[in-house]
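Each chain, written out:
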Amino acid sequence: MFNWFYTGLKAGIRTTPYPKKADMAPGISPGRPRATRLDAQVAEALTMRCPTGALIKHQGGVDVDYRHCVHCARCRRNTGTQVMDWSQDYDWGVLSAHAERAGHRFRDIFGRSLHIRFLDAGACGACMSEARQLNNPYYNIHRLGFFITPTPRDADILLVAGPVTDAMRIPLQKTYAAMPEPKRVVAMGVCALSGGVFGPSFISAGGVADVIPVDVLVPGCPPPPLAILHGLLLAVERTMPSRLTTHAAETEA
Amino acid sequence: MAAASVMQPPAAAWQELHRICPVRWPKVSVRTDHTRHIAHLMVTPATVRPVCLWLFGEAGYHFATLVAEEFDGTWHLTYVFYDPASHGWAYVELRQPLAQTSVISIGDTVHAADWHERETEDLFGLRFEGHPKLGEFVLHENWPEGINPMRKQFDARAPFAHHQQKTVWEPPTIVEAPGAFIMPIGPVYSDFAESAHFVIETTGEDMLRVLPRFFYKYRGVEKIAEGQTTERVLLLAERFSGSSAFAHGFAFCRAMESLCETGVPPRARVLRSVFAELERLRHHVAVIAGICASTGLAVAQAQGASLEEDLLRLTAQVCGHRYLFGVLKPGGLTLAPDARCLDLLRERAHALNLRLEKLYAGLRYSSSFLDRLEDVGLIRAEVVKAFGLVGPVARASGGAADLRKLFRYGAYEQVDFAVPTETQGDGYARLRILFQEAAQSAAIIERLLDDVPDGPVCAEVIPRAGAALGFAEAPLGATFHWLRLDAAERVQRYRISTPSFRNWHAFRVAVEHFSFQDFPIVLATFGLSNAECDR
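So the protein sequences, as listed, match chains U and R.
Sequential numbering from 1 applies to the first sequence in the working numbering.
Sequential numbering from 1 applies to the second sequence in the working numbering.
No lab work stands behind these hints: they were computed from the structure.
Some clues are possibly wrong.
Footprint (simulated), chain R over chain U, 3 or more residues, beta carbon under 8 Å [what the hints assert, rightly or not]: (1) 5-15; (2) 131-137; (3) 163-173; (4) 192-203; (5) 211-224; (6) 232-246.
Simulated coverage check for chain R against chain U, where a stretch passes if three residues somewhere in it have a Cβ under 8 Å from a Cβ of chain U [claimed, not checked]: (7) 231-239; (8) 305-317.
Note that beta-carbon positions come from the ideal geometry of N, C-alpha and C, so glycine has one too.
Based on the sequences and whatever the hints tell you, model everything.
Written as C-alpha cells, this is what we have:
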C-alpha cells in the first residue's frame, strides 16, 4: 500500500489551469467549425455536404448551428482549397431561454459547492466517457467545489446526455422530480440538444428539453471535458455563455 | 454428438459444404461464393434447425448473427456462421411468405442465437416455435403488443405516441426462501453508469438470481437507418457506440466495400488497423481504470484515468477527434496524417505502453486488490461455447476466437501476433487479458508504423444494389454489420450484431451466487457497453 502512496506522490500535479487560465494542451478539444466567409459557390457546396444540416448558407459565407453540428469534419477535409474555419476552443456552454427567464440566484447558493447527478438518457458512451474524465487528475472538478453524487435527492444539477429514449423518459422525469428545489438541468451533447443523429424518431425524443426544462446547453459530439466544465460553471453563473448559432446568421436573418 | 465423436467427423470446410449438405438433406441446395469465401445454404422451414444444429454442434462453426429482412414481399432469414478452421462462412438462408410468421427456434442448442431470436420476435413479430421465453425484450411493457417497429409499414420518422398507456412492471420472482427479497439496481444508479436495470433476488448476502433488463437505450438504429443514404448511416455506425466508434464504422465500411468490391489502398489499410488498435488500447485502459475504481484503489484509478486522457488527447492530435469519429469513409479514410503526426503516434504509443506496464506491475503485487478479483465472476469454457461469447471475456475463459487472426482482414495479415488466452475465467483473468491485449495493441501500432506505404488513402466506391456482411474485431469482441442497399443507393436493411449484446447474455451466469459486494467488480471486469448492446 505504501507503494501506491509513493506512486501517487511521484505522479505530481497534472491539473489543468482552467478556468483561471485557458488550457491550450493539444488534443484537449476536437474543435468545431465556426462562421466562415466563403464564395457563394463554395458555401453552397459545403452546406450540401453537411450530413446533419448544421451549416447555414448566407450571402457572405456559412454559419454553423451547433445544435446539429457533430464535427464530422466533412466541411473541412477533402473539399478543395476553401474549407470551414475550425476553432480549437471548448467554452461552448449556452444558457437556454428557460434559464434566463427563471433567474435563480444560483451563484449565491451553489457558487462554492455543487452536487451533480449524471443521467444517461440513451447516450452512445462517448458523452459519458467525457463526463467521467472530469473526475480524473487532469480536470479534477473537486477543486472547484463540484461533486458527483449517486442520488438525485442530494443533487443540485442534473447533467443529462442522450436524445431521451422512450424507456428513459419516465426515469428522467422521476429523477428530475426527486431533486430538491432550486435545481438546474445541463443537457450535454448534440443528442441531448436536438436528438442528434438519432432523433426525433419513433423511439427517441428530440432532446432533453422535450421532456424536462433545460437551463444550460453544451453542444458537441461529444463535448470535451472542458466544455462540460464550462457548462457547469455557467449553470452556477461563474462564467460567460457562448452562442448556439454563429453571429453572422443573426445579422443576415 | 456421441455418434459423431466416435466416428471421425467429416471435414466440413466451407468449400466442402456444397458436397456434404445436399447428401444429408436433399432439400438443401448450396451455392459457393469463392471470392468472399461463403457457402450459401438455401434451406426449407423443416431443415433450418437440423442444418444450424449440425453446423454448430458437429461441424465446429461459430454463430455470428441472425438477420431478418422483409424483402420483396417475403421473409429473408439469414443465419450467419463462420468456421474458425477453414476461415470461411456459411449463410443458412431461409425464405418464406410474409403471411407465415412462425420459424422453428434454434436457441436451445445454439444458445448464442437465443437473444437474437427474442429480439427478432419483438421487433418483427416473427414467432420462434419452441423458444421458452418470447415477448417484452427490446420493447418494454409500455409498448403495445402487436406493433413491430422493424416491419416495413412502420414509420420510423414520426413520433409514436403511446405514452398514455399506464403500465406497471412487476419483476417475476423465483426465489421462495424465507426472507427472500428483491434488490433493484437502476436504471439510474451509481456515479457514472449507463442505463440498465438489474433485479437481484437475495436472502441477504448472496445474489441468488440476477435478472438484467436492458434496452433502456434502444434508439432503433437499425430502423432509422432504413431509407437513408450510406453517408448518413455511417454517422449512425460511428455514433451508436461511442466507446468503440472506429470498430463499428470499420465494420460498416467493410460491408460497403465487400458489397461494391472496392479495394482499399494499402496506405489506408495500414492506417485503419493502426487506428483500430489505438481505439482498442484506449478502450482497454478505460476498462482497467474502471476495474481499479470498482475496488476502490484510488491511486491506480487515477493513473489509469490519466493514461486514458493522454490517449484521448493523442487520438485527437492524430485523427482530429478524441473518439475517432469522422475518420472513416467507405473506400478508405477521410484524412491522411503526415509523417510527423505518425512519428508522434509511434513515440507516444511506446511511452504510454511503458506507463501501462508499470501500472500492471503495481496491480499484480497488490494483494488486497487481487483478493477482490480472484475467483469472482467465473465464466467456464462451456459457457463460452454455449453462449458464443466473444472478445476479452471469452479469451479469459479459454475461448480464443479473434477475427483479426481468423480472417486476417485489413493490415493484420502483415503483422504477426498471438491471441492472448487465459483459462481461469475469473475477474483477474479478464484483467490480465485486458493488459495483454492493450500491450499488444501498442506493439501492433509500432510495427505497422514502421512501414506505412505511400499513396492515396481513399478509393472510389461505386455503390450497387445487394447485401453484404462486414465484420471487425471491436475492442469488446467480434462485431458483424449486415448492409443491404437498393438501386437508389439507399439503405434497405442495416443489421448490427455487437459483442456487448453477445456477452451481456452471460453476465447473469457470471454474477449469480456471488455476494453483493462482488457485483460492481464483475460488472467492471466485463467492461460491457449498454449503448453497444441496446443500439
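Unsatisfied constraints (hint numbers, rising)
6
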